[in-house]
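Using the sequences provided together with the hints, build the complete structure.
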Amino acid sequence: PSSSFGGVGFSELRGKLNLPVRGEITNRFGATREDTGVTWKGLFIKSAEGNEVKSIANGRVVFADWMRGFGNLMIIDHGDGYMSLYGNNQALLRKMGDTVKGGDTIASVGNSGGNSTAGLYYELRNKSKPFDPMSWSVAR
Numbered sequence: 805p806s807s808s809f810g811g812v813g814f815s816e817l818r819g820k821l822n823l824p825v826r827g828e829i830t831n832r833f834g835a836t837r838e839d840t841g842v843t844w845k846g847l848f849i850k851s852a853e854g855n856e857v858k859s860i861a862n863g864r865v866v867f868a869d870w871m872r873g874f875g876n877l878m879i880i881d882h883g884d885g886y887m888s889l890y891g892n893n894q895a896l897l898r899k900m901g902d903t904v905k906g907g908d909t910i911a912s913v914g915n916s917g918g919n920s921t922a923g924l925y926y927e928l929r930n931k932s933k934p935f936d937p938m939s940w941s942v943a944r
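Just so you know, we're using the working numbering here: the sequence shown kicks off at 805 and counts up by one.
Careful: at least some of the hints might be erroneous.
Unchecked claim - Derived lysine-lysine pairs resembling PhoX-like cross-links, with alpha carbons at most 25 Å apart:
hint: 1; residue 1: Lys845; residue 2: Lys858
hint: 2; residue 1: Lys899; residue 2: Lys933
hint: 3; residue 1: Lys845; residue 2: Lys933
hint: 4; residue 1: Lys933; residue 2: Lys905
hint: 5; residue 1: Lys933; residue 2: Lys850
hint: 6; residue 1: Lys845; residue 2: Lys931
hint: 7; residue 1: Lys933; residue 2: Lys858
hint: 8; residue 1: Lys820; residue 2: Lys905
What the hints contain is simulated information worked out from the structure, not anything from laboratory work. From a predicted model like this one, the values you see are computed outputs, not experimental measurements.
Below, the structure written as structure tokens:
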């Protein structure tokens with residue numbers, strides 16, 4: 805895909821991204837999961853079931869389906885090797901191939917990923933490698 809969607813390269817958005825859903829961050833990037841001992845590669849944001857999940861930036865939906873461990877998962881390609889992942893959703897409101905803008909509603913919060921709590925699993929990757937979403941966020 806092109807290096808930008810809407811004229812701004814994703815790398816220029818560092819420190820300017822909003823979180824995709826309102827709620828409480830209960831697990832952070834790099835922390836150890838209590839249930840499995842595995843390291844978190846993203847954030848878990850506790851939020852009420854049905855709340856709107858918003859795209860963090862312009863991009864194209866490259867995956868929108870159920871995936872083991874993630875539940876209803878949406879992956880958006882932002883160009884230049886950057887992708888955002890949104891998991892544990894109740895419903896996916898966009899389909900593969902759709903173009904989205906930052907702030908567009910793309911899903912609704914749920915607990916389809918096997919979590920006991922409703923919320924959103926949110927991950928950022930560059931060239932398939934996860935990195936800390938909070939380092940790119942306005943809210944810290």
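Here is what the structure says about each hint:
| no. | hint | verdict |
| --- | --- | --- |
| 1 | Lys845 x Lys858 | holds, 20 Å |
| 2 | Lys899 x Lys933 | holds, 24 Å |
| 3 | Lys845 x Lys933 | holds, 9 Å |
| 4 | Lys933 x Lys905 | holds, 23 Å |
| 5 | Lys933 x Lys850 | holds, 24 Å |
| 6 | Lys845 x Lys931 | holds, 14 Å |
| 7 | Lys933 x Lys858 | holds, 22 Å |
| 8 | Lys820 x Lys905 | holds, 15 Å |
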